[in-house]
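Visitor: Residue numbers (our numbering): 1 to 233.
Everything labelled a hint here was simulated from the structure, so no lab data went into it.
All of these numbers come straight from a predicted model, not from anything done at the bench.
Think of the CB as a built atom: it goes at the ideal place given N, C-alpha and C, for glycine as much as any other residue.
Just so you know, not all the hints are guaranteed correct.
[What the hints assert, rightly or not] Taking lysine-lysine and the BS3-like style, the derived pairs with C-alpha atoms no more than 27 Å apart in a straight line are: (1) K157 - K184; (2) K200 - K184; (3) K156 - K49; (4) K116 - K171; (5) K171 - K115; (6) K49 - K212; (7) K53 - K137; (8) K200 - K212; (9) K123 - K25; (10) K156 - K171; (11) K116 - K20; (12) K198 - K171.
[What the hints assert, rightly or not] Each pair of labels, with its calculated beta carbon distance range: (13) C1 - R219: 43 to 49 Å; (14) K157 - K116: 35 to 41 Å; (15) M133 - V92: 39 to 45 Å.
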Amino acid sequence: CQIQYNYLDENSQAGVIGLKAAAEKGIPVIIMEPLRGGKLVNLLPESAKQAIKTNSRGWTAAQWGLRWLYNQEEVTVVLSGMNSTEMVQENVKTASNATAGHFTDEDFAFIETLKKEINAHEKIGCTGCRYCMPCPKGVDIPGIFRCWNTMYTESKKNGRSQYVQTVALTKEPSFATQCIECGKCEKHCPQSLPIRQKLKEADKDLRPLPYKIAIAVGRKYMMRQARDKNKVS
């Protein structure tokens, strides 16, 4: 069987209980989202990044996430997305060196520290799995939530800047305000998130009045440029 499982989702969905139940029946368990769509590497709060950097183990964020899984004998296969040769090399090295039962009490305690740091900064537990998509009204649900989390794991400026570039000033806008509250997304969310309500909260955070004005001006300029281009062609 295949389950979403990582140190942040230890008790979500099937979780550790489902993992052990499958193993007891002799069913191989394949792990997806071992690093929560890269969130446990690229979107860690600064405090968590510093903790990893100064830990005596010398492991990277990805290694901590993967080794936590390899430490559990019930895990059969780990599916990890890789976008570069360096990632492949790191994952192969980690899988080759890690064995079930290699974690110490200090390692488990450190994982708990990371979880506390992450949970303290995140606004919503969206993994970016995109099961909620496509939205019938074009709302970029995971994109909006990613920017919202970035506001609190990194900085408000970074989150809003990311939002302007990836959601607001795209060819087809995908604002949270386009939501008609049909609820289709919530039926497909593995995390059972209250998406409709959280979209309203995210929009309020991501688009304060100055940003609304700037985005409106930016979109008007984009439309004018597009019209001028069409006239020339």
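Visitor: Against this structure, judge whether each hint is valid.
Guide: Results of checking the hints against the structure:
no., hint, verdict
1, K157 - K184, "violated, 31 Å"
2, K200 - K184, "holds, 16 Å"
3, K156 - K49, "holds, 18 Å"
4, K116 - K171, "violated, 38 Å"
5, K171 - K115, "violated, 37 Å"
6, K49 - K212, "violated, 32 Å"
7, K53 - K137, "violated, 42 Å"
8, K200 - K212, "holds, 14 Å"
9, K123 - K25, "violated, 37 Å"
10, K156 - K171, "holds, 24 Å"
11, K116 - K20, "holds, 24 Å"
12, K198 - K171, "holds, 24 Å"
13, C1 - R219: 43 to 49 Å, "holds, 46 Å"
14, K157 - K116: 35 to 41 Å, "violated, 25 Å"
15, M133 - V92: 39 to 45 Å, "violated, 32 Å"
In this structure, the hints that do not hold are numbers 1, 4, 5, 6, 7, 9, 14, 15, in rising order.
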